[in-house]
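Enquirer: For the protein sequence lines, the chains are A and B, in the order given.
Counting from 1, position 144 in the first sequence corresponds to residue 144 in this note's numbering; the numbering is continuous, with no gaps.
Counting from 1, position 388 in the second sequence corresponds to residue 875 in this note's numbering; the numbering is continuous, with no gaps.
Think of the hints as simulated: they come from the structure by calculation, not from any bench.
Using N, Cα and C, we set each Cβ at its ideal position, and we do this for glycine too.
Check each hint, because a few of them may be wrong.
[Unchecked claim] Here are the simulated lysine-lysine pairs, BS3-like style, with alpha carbons at most 27 Å apart: (1) K294(A) to K200(A); (2) K792(B) to K14(A); (3) K479(A) to K533(B); (4) K640(B) to K90(A); (5) K640(B) to K164(A); (6) K533(B) to K90(A); (7) K548(B) to K167(A).
[What the hints assert, rightly or not] Pairwise CB distance ranges (calculated): (8) E293(A) to E671(B): 42 to 50 Å; (9) P134(A) to P530(B): 14 to 22 Å; (10) E535(B) to D195(A): 15 to 23 Å; (11) G901(B) to D188(A): 52 to 60 Å; (12) D925(B) to E293(A): 48 to 56 Å; (13) V44(A) to L789(B): 26 to 34 Å; (14) E535(B) to P134(A): 49 to 57 Å; (15) V462(A) to K772(B): 32 to 40 Å; (16) E238(A) to L789(B): 54 to 62 Å; (17) E238(A) to K508(B): 35 to 43 Å; (18) D689(B) to E110(A): 39 to 47 Å.
[Claimed, not checked] According to the in silico footprint, chain A covers these stretches of chain B (three or more CB under 8 Å from chain A): (19) 610-618; (20) 669-676; (21) 697-706; (22) 713-726; (23) 836-847; (24) 887-900.
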Amino acid sequence: MSGTEGRGLVLDEKLLFEQSQPGRVGYSLTGLDVPEAQPDSRLVRKEITDFPELSEIDVVRHYTRLSTWNYGVDSGFYPLGSCTMKYNPKVNEVAARLPGFADIHPQTPEALNQGALELMYNLQQDLAEISGFPAVTLQPAAGAQGEFVGILMIRAWHEANGRKPTKVIIPDTAHGTNPASAALCGYDVVTVASDGLLSKDAVAAVMDNDVAALMVTNPNTLGLFESDIREICDLVHERGGLVYADGANLNALMGISRPGDLGIDVMHFNLHKTFSTPHGGGGPGSGPVGVAEKLIPFMPKPIVIKDEEGYKLDYERPESIGRVKSFYGHFSIMVRAYTYILAMGGEGLRRATEMAVLNANYVRARLEGEYDLPYKQRSLHEVVFSEAALANDCHTLDVAKRLIDYGYHPPTIYFPLVVRGALMIEPTESESMQILDEFCDALLAIAEEAKTAPEKLRMAPVRAKVRRLDEATAARKPKLRWEREDA
Amino acid sequence: MRYLPHTEVEVRQMLERIGVKEIDELFSGIPESCRLSRPLNLPEAKSEAEVMAQLRALAGKNSKVFTWDSFLGGGAYHHFIPAVIDHLISRSEFYTAYTPYQPEISQGTLQAIFEFQTMICQLTGMDVANASMYDGASACAEAVLLAVRAAKKRRRVLLSRGLNPQYRETVATYCRYVDVELVEVPLVDGVTDMAALETLLDDQTAAVAVGYPNYLGRVEDLAKLADIAHAAGARLIAAVAEPLALGLFKSPGELGADVVVGEGQSFGLPLSYGGPGVGFFAVRKQDMRVLPGRLVGETVDLDGKRGFVLTLATREQHIRREKATSNICSNQGLNTLIVGIYLALHGKQGLKRLAEINYSKAAYAREQIAALEGFEIAHSGECFNEFVVLCPEPVAELKTRLETLEILPGIALGRDYPELERGLLVCVTEQNSREQIDRLVAALAGGEA
């Protein structure tokens, strides 16, 4: 969809609490078939003040209306850089809801849930094959927790070897989770500047025996493959350090290059990016971690193993870093990712990568010239423009908001930090040439509007549910919950 | 491939526009030495029918809580899920959306989270709740980190032995390389030993963490625990693994807890072999700016119309990097939606009644089992929907015996609580009929089921 004509039916909707009517109910409970029992009255709470009272239709309409104010991958093109907003196949959802997956309790004896464990084991194996690592843990809840697990393992390995390095090196293009995860493991963060690509000289300049690890994203957040990666890994290893890879951009590499073959020691996957599980408006994701041989003893426990009796959860791991969450990870997300891998096959995954890279390069070819491209190297799955070429002091934020009026979710903006006013576009493999052409036409039209009618950008969006929101006041006078006015 | 829209003709046109001849040229930035020189060793692509057949076969090997009589709890609870929930969360505007960083086209997610935050505050009796954490265990770990951060120089945290063992393990992992000393507080009659607690507390203690109800099903005396903790200048963290209990029992907030965390799975999430769940995290106003995780706040747009945005982001990793309050980047978005819908449907009356039903069912089962020859109820005080049974025979053998009758009688406690080697943690919810409970009791007794 493009153009700015027409306006749909946009419904208003009060908060649940504002619709509540005393005595209204939206539930049905089966009658009690045992004697009524009462706890000690001193322990019993009074009614929950202002908790909603609604009927089923109230609730259904409420959330249905809210949904219409959202924009999902199913609504249209979603070119968020480094987030890999690919299509979420519907069969994944059906699979995750099979009663044999959805209705199984995590404390059921392993012998009675062999199908679930087999699926997890197979997924571990498949991810290992795709990434080139000999072992994979499925436990981490999301990418950031995967990073945390990875750095914990690195530190545990150093300590097992009698080493106490104190620093982690992170390029300036990295996601903010990288330094935050390193800090949570007690490390000091050393930022290293990259000129688009991380050079071995830049790494050599900051390398010493006090470096526990280098954290690198490959391809990096500019969409560029770190071509010195092998030499960089060697450099780090020579001084006793290990290399962590942020796997957020694995969608650029499937079947083409395997991080585990390049000297990288540990990497997290984002099943919600590369493996088509839905983002859910912010989660739940899933962040499995692949490790090199030397880190296997330190993996979180339990992990799924197979022996002559069948599949098992292995807790006998004395050097394990422990657990980072309850039970075994985000199982229903694993089911979705496994469903995707089955549907795609090895060749299909490679084809997905190829089409993702083709799409990003096509967008780049169509927009280069009108939009400033600060890094000219051959990019892979995403392309990053700057705001430098925008006329009349228009900014990236204005372009992003104007894209909403044209019917698109904006790209990732102002990241990576090394690009002024970054506009980071990752089309994924899910989009056809027609969709990309319409999107590029919109961006070109917006660049033109910046020249001729910049107020259209500055006032955007005008066609969304709300106009630009006052975020400064939201932060200065936080109102984080509803409260009755007269209270 | 059905997920890839490109025709061969289009691929050619696109390559031409880019100015390369073959797709392979697009990968020229990857040195030859970094390439994989063989195809991935994975099976061939499958049709949707083939995929589903394979997955059904795997699913068919698992034991479902609807076909077995399940009395398993221990941090994951079998409650009924209203049909409305799956229909609403299947609106793809919700589940295929990203994090609501662009508020103008994310008001649905943002308002739903604002309502979630409000209901978590109401339920826990606290001032501020965040947009959720991964699960109860990691929320508990983040609560410990918050307490240490907020208490400045105090580096000691006391964990009740009644706190869910997986929560305690997770806390230990999170604190592995943080300068925090974790000390366990023993139990007496299944609840935190107050006398021991008083001895262990000192001026270095940042917080005390207890389960409410605790792992053994017991309802802790939070008011007294809060008094003891506060007298030493420490925060009280209440971790709620079964939040349905808050429909009946006093909220941790009104009893004096400073941080309330927990697991929301009971509120409409399928068991799904233990994940994903949804962690909740609530604090008093004083700790608002040291909270981990996302927060949604109310504001207005240019026309003065109400709207919602992610706010107080200066605490978070994408702004503060290594100085952030946590490394967490996501929340459990769609699962907060489930919790919101579930609580909105049950509301003020439904949640209370459902909690009473759970309480009564568990009380009935407890009485019936207590009357059995050789069986004992381990603790005397108040429980919610779980309790510990001491069995006359080895628990492993008893479980195997009942499993042949398609009964999952509970969780063997010996591994986590060697002192309860004969202990079986039994959970009874509204999903267990009286007939099922009677069958369990008969099977325990060794009679015909």
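Enquirer: Now look at each hint and say whether the structure bears it out.
Expert: Here is what the structure says about each hint:
{"no.": "1", "hint": "K294(A) to K200(A)", "in the structure": "holds, 24 Å"}
{"no.": "2", "hint": "K792(B) to K14(A)", "in the structure": "holds, 12 Å"}
{"no.": "3", "hint": "K479(A) to K533(B)", "in the structure": "violated, 50 Å"}
{"no.": "4", "hint": "K640(B) to K90(A)", "in the structure": "violated, 51 Å"}
{"no.": "5", "hint": "K640(B) to K164(A)", "in the structure": "holds, 24 Å"}
{"no.": "6", "hint": "K533(B) to K90(A)", "in the structure": "holds, 15 Å"}
{"no.": "7", "hint": "K548(B) to K167(A)", "in the structure": "violated, 47 Å"}
{"no.": "8", "hint": "E293(A) to E671(B): 42 to 50 Å", "in the structure": "violated, 35 Å"}
{"no.": "9", "hint": "P134(A) to P530(B): 14 to 22 Å", "in the structure": "holds, 20 Å"}
{"no.": "10", "hint": "E535(B) to D195(A): 15 to 23 Å", "in the structure": "violated, 46 Å"}
{"no.": "11", "hint": "G901(B) to D188(A): 52 to 60 Å", "in the structure": "violated, 43 Å"}
{"no.": "12", "hint": "D925(B) to E293(A): 48 to 56 Å", "in the structure": "holds, 54 Å"}
{"no.": "13", "hint": "V44(A) to L789(B): 26 to 34 Å", "in the structure": "violated, 48 Å"}
{"no.": "14", "hint": "E535(B) to P134(A): 49 to 57 Å", "in the structure": "violated, 32 Å"}
{"no.": "15", "hint": "V462(A) to K772(B): 32 to 40 Å", "in the structure": "holds, 37 Å"}
{"no.": "16", "hint": "E238(A) to L789(B): 54 to 62 Å", "in the structure": "holds, 57 Å"}
{"no.": "17", "hint": "E238(A) to K508(B): 35 to 43 Å", "in the structure": "holds, 40 Å"}
{"no.": "18", "hint": "D689(B) to E110(A): 39 to 47 Å", "in the structure": "holds, 43 Å"}
{"no.": "19", "hint": "610-618", "in the structure": "holds (count 5)"}
{"no.": "20", "hint": "669-676", "in the structure": "violated (count 0)"}
{"no.": "21", "hint": "697-706", "in the structure": "violated (count 1)"}
{"no.": "22", "hint": "713-726", "in the structure": "violated (count 0)"}
{"no.": "23", "hint": "836-847", "in the structure": "holds (count 10)"}
{"no.": "24", "hint": "887-900", "in the structure": "holds (count 3)"}
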